[in-house]
Each structure stands twice: as structure tokens, then as C-alpha cells.
Amino acid sequence: MDRLFTKFYNWNIFHIMYCDGSSFMSNVEEVDAVYNITYRGGRIFDAMMEELVLNKGMGNANSAILAGSSAGGLATILQCDKFRALFHNSSRVKCISDSGFFIHAENFMGADWREARFFNVISTHGLANVLPTSCTTKFSPTLCLFPENLVEDLRTPLFLIESAFDKFQVGQNVFSPNVVNHDPKWSNCTNDIMFCNWTHIKIMKDFRATFIETLNSTIDKSSSIGYFVHGCYRHGHILEKQDWICSSLVGNNVLAHKTIGQAVSDWYFDKSTTVFREIDMRNDLPRMCRNDYTVLDFERNCSVALQPSV
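99 is the number that UniProt numbering gives to position 99 of the sequence shown; each next residue is one higher, with no gaps.
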């Protein structure tokens, strides 16, 4: 199966487990007296990078990718340029954010709740003074955790892997917990779209339209950002082999005849004169997409169906 990973199959991979809640940005000296915990995610990131560069030789790499999923995808956006600075100018260094494009969308329902959520993160972790000044000079710190206000200032190439029906954002960021707790039908729907009624589907379709509009208006300002946006109701892709290479996307959600893995490979190695930017515009309804292939399923449905990029 390694052949399906094309040029990435023999790369060295380092996993940094996400546990700090601040996208590896916080550096609070004081210990939380109530919970006896520290907020020092920034130190975790710096320590890991120091270990990889000084002791593992990563700084001498000719090619490197910083990638993260969900909150780690947001961390990737925030840390991307800092990561790039660890390498020689001649090295090919790029970043991949998987399901990390959390939208603010001030004109879409729930904007106040989304702002309040990020305000609490910034307050708890003391992030106001460590967020990119390219953003905080234009917006309040609360708005500078939303990628739509960050990515246009990135100097390092970035690729976004997203669902236009992102399961987490639809389930957690449209309505506040107070609303959700009083509407079990919405909770049932967001946990399994088979339980959605047409009112719920209308909300999801509105989210999709808002997500695409936000993404397009943001990315139009940058020439080095690529994306792969599909219509499956899910959140996260790169941590599982099935999701990265095949999943159920083969045959009904391949964009521009590319799977996620192929699209990223083409983007990373500059195989096209244009940046890969594809959105599934044909499916405006959320779809359940399998990601539970057995090894036999994977071999039959993916290995045979796909030809690796060359």
C-alpha cells in the first residue's frame, strides 16, 4: 500500500500530541490556582522544535511539512511561518491545515457564540499579546483566532483540507450549548444526519454556503493557498490512511480527478502552474461517507481504483 502514498511514503513523521488548548501559543507564568494546571502550550511547541532541529537533524531537511487536524489545524496556521523559519531558505517547507478553518462569519447565525468561545480561549491562555500582530493591528484579539483573519498574511504556502459540512462546526459552533441542550432533535441530527429534518438540513446548507463564501473571499487575497473542499459530513482526514488516500471519496467525491492525497502531492511538489483549489459545488446536501474500510475493502476499493501521481 505504500505505493499509494507516492512521494510521501518514506518520509520521517513526528507526532506532537495536542493537549494544551491554545494552539501551542500560550506562555502563562502563573499556575492556575483553582485547577493546579499551567497554560504553556507555546513552550511545548518550542521544546519539540528544538528537539527535532538540534537533536534529530530536522533543520537540515530539504523538504518538510507542518500538518495538523482540527484544533491542530488551527495551530498549524498560527505556527506555520514560525516553523518555516527553522529551515534553510532553499528547503521546500509548506503547511497543511486539516479541518482547521473555523469560520467567524459575522453575518451567519451563532457569530456571537463563536466570538465568545474564542474570547474565553484567549482570556484563559493569555493570548492577546502573542497572536500575530499582522492581525491584532486590524482586529480585536478575539477575531485573530479565526483563520479568515489570519491566512492572508501567511508567507509560507498553506493547503486546506475541509468539508463544506464540517461536522464539528455544524454541531458545536452554530448554536451555543444552552440552545443545543434544549433541542435534542438538533443534537440527534448533528450526531447522525439520518435524524435531520428539513429545517436542520436548511441550516446545514446555509452553513455550507457561508463557509464557501468565507473561504473564497479569504483565499482570493493569497496566491499560495490551495484547498480541497468536499461535501461529506465529517471532521478530520489526515490521521487515518483510509481518509487520506481513499475513504468513500473515491468515485463520488474526487475533485478534479484527484483524491486528497493526490491533490496535496501535486500542490506540494508544484506539479501544476496553478495552485490546486477545488470545491465540490455539485452536492449541496451533506452526505454520510464511509471511513471504516477493512484492509480488504481498502485494497479492493482504493488500491485498484486509484493510480498514484507520478
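A few of these clues could be false.
[Stated by the list, open to error] Here are the simulated DMTMM-like cross-link-like pairs (lysine to aspartate or glutamate), alpha carbons at most 25 Å apart as the crow flies:
1. Lys258 with Asp284
2. Lys271 with Glu152
3. Lys82 with Asp112
4. Lys185 with Glu152
5. Lys205 with Asp112
I should point out that these hints are in silico values taken from the structure, not numbers from a laboratory.
These are the hints, each one checked on the structure:
1. Lys258 with Asp284: Roughly 20 Å separates the two Cα atoms, so the pair holds.
2. Lys271 with Glu152: Within the cut-off at roughly 23 Å; holds.
3. Lys82 with Asp112: Judged against 25 Å, a Cα distance of about 30 Å means the pair is violated.
4. Lys185 with Glu152: With a Cα-Cα distance of about 38 Å, the restraint between lysine 185 and glutamate 152 is violated, given a limit of 25 Å.
5. Lys205 with Asp112: 20 Å, holds
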